[in-house]
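Participant: Sequence:
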Amino acid sequence: MDTDQMSTPRSSELTSPREWLEFCEAKKQKTSKASGDPYTVLRCDFSLESREWRIWGMDFHLNRMKQSLHTLHDGGRMSILPSQQMLDDSLVTTRRMIDGLLLEGEMATKSVSTVSADRTIIVFMVTVLWEMKRTPTRNDLKIQIRGHAFSTLQAVTPGSHNQNDPVKVVLGCLPGSEAAQSLPNRYQHLPQAKLSSWCRERRPLETLFKRNDIGDVILTRGSAEAGGLELLEGLTSNLFVVCSDNVLRTAPSSFVLGGYVRQKILDCAAVHGYRVEEGSLFLRDSSTWKEVFLTSSIRLIIPVNEIIVPISVSTDGFVETKSVWKARSDGRSREREDLATNMLYYRLTTKQQ
Numbered sequence: 001m002d003t004d005q006m007s008t009p010r011s012s013e014l015t016s017p018r019e020w021l022e023f024c025e026a027k028k029q030k031t032s033k034a035s036g037d038p039y040t041v042l043r044c045d046f047s048l049e050s051r052e053w054r055i056w057g058m059d060f061h062l063n064r065m066k067q068s069l070h071t072l073h074d075g076g077r078m079s080i081l082p083s084q085q086m087l088d089d090s091l092v093t094t095r096r097m098i099d100g101l102l103l104e105g106e107m108a109t110k111s112v113s114t115v116s117a118d119r120t121i122i123v124f125m126v127t128v129l130w131e132m133k134r135t136p137t138r139n140d141l142k143i144q145i146r147g148h149a150f151s152t153l154q155a156v157t158p159g160s161h162n163q164n165d166p167v168k169v170v171l172g173c174l175p176g177s178e179a180a181q182s183l184p185n186r187y188q189h190l191p192q193a194k195l196s197s198w199c200r201e202r203r204p205l206e207t208l209f210k211r212n213d214i215g216d217v218i219l220t221r222g223s224a225e226a227g228g229l230e231l232l233e234g235l236t237s238n239l240f241v242v243c244s245d246n247v248l249r250t251a252p253s254s255f256v257l258g259g260y261v262r263q264k265i266l267d268c269a270a271v272h273g274y275r276v277e278e279g280s281l282f283l284r285d286s287s288t289w290k291e292v293f294l295t296s297s298i299r300l301i302i303p304v305n306e307i308i309v310p311i312s313v314s315t316d317g318f319v320e321t322k323s324v325w326k327a328r329s330d331g332r333s334r335e336r337e338d339l340a341t342n343m344l345y346y347r348l349t350t351k352q353q
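Numbering (my numbering), first residue to last: 1 to 353.
Simulated from the structure, these hints should not be mistaken for laboratory data.
Some hints here could point you the wrong way.
Said to hold, decoys possible - Simulated crosslink set (PhoX-like; lysine-lysine; CA at most 25 Å straight-line):
1. LYS27 to LYS66
2. LYS66 to LYS142
3. LYS326 to LYS290
4. LYS210 to LYS322
5. LYS66 to LYS110
Hey, can you work out the whole structure from these sequences and the hints?
Facilitator: Written as structure tokens, this is what we have:
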């Protein structure tokens, strides 16, 4: 659903946020050399029982869009910033647009005919894009606000138990320093700005590493040969590891995009007895990791059951890998209340956001 249209969507129009963002990016590149505008994706839960919405982190997401603009300006990618009045008006308009998209989404839920006793939530992904456009005098910028909503319209079970299956992740690196430098990364290119151009820029990593059995590709920094390979973040997620003595570690904020759920984990971890540390996640320390998990604005917390690393690439592009970390599972990971992934998921889903 694009707010330039605001027509009632047909199911065939509910393309993924990725497809929609790439369409907007390609359309802009036809008329402008600039690429990469601030965007965000919010999770919005519609209750089929109460007919009410729960929007996850609205203020956080809108503030991060503003911060992305300032990051672009401070990093030399924008020569001027929109006026403060333009920013204030854009925030008001964005909230109204989201309300309009959710109204259309609520209408779409009327097609959901059967609801079991425990499947009472429809999850929507609402994407907001701020396209920067020069004014006719070229002395100022205006913000064109676009929006899109997507849902499978499949009812899911709300509540405190993490329903996400554990995933395998692959480190997005190649043997040899020259090969590693040829891969896209974010930590050297304004990592704290969430930009639409990343959908296009990350494709080489997806093509090379994202097999059907891979949950995400983990961006890295440094060299495995020298023992200094650092794990940073996923292509669309943040990364946490649980170490000995209840230490919860994640990569430094200066190297990654700070996601909404990442911030919530940092805020609430101490309640469950975890000491949070932001610092380097060196692969050489993986033997001390008790748990590994990803965070995402849509799926919230995703347990990781295995980490693999590439060891060679054939001439036809086949990547040979080896396992470097596996979860210590007793087969009851979803029921174990002592696991960080389960405790933190419970905290996220049962406390008012």
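Participant: Each hint needs a verdict: does it hold in this structure or not?
Facilitator: Hint check results:
| no. | hint | in the structure |
| --- | --- | --- |
| 1 | LYS27 to LYS66 | 23 Å, holds |
| 2 | LYS66 to LYS142 | 14 Å, holds |
| 3 | LYS326 to LYS290 | 9 Å, holds |
| 4 | LYS210 to LYS322 | 15 Å, holds |
| 5 | LYS66 to LYS110 | 35 Å, violated |
Of the numbered hints listed earlier, the single one contradicted by the structure is hint 5.
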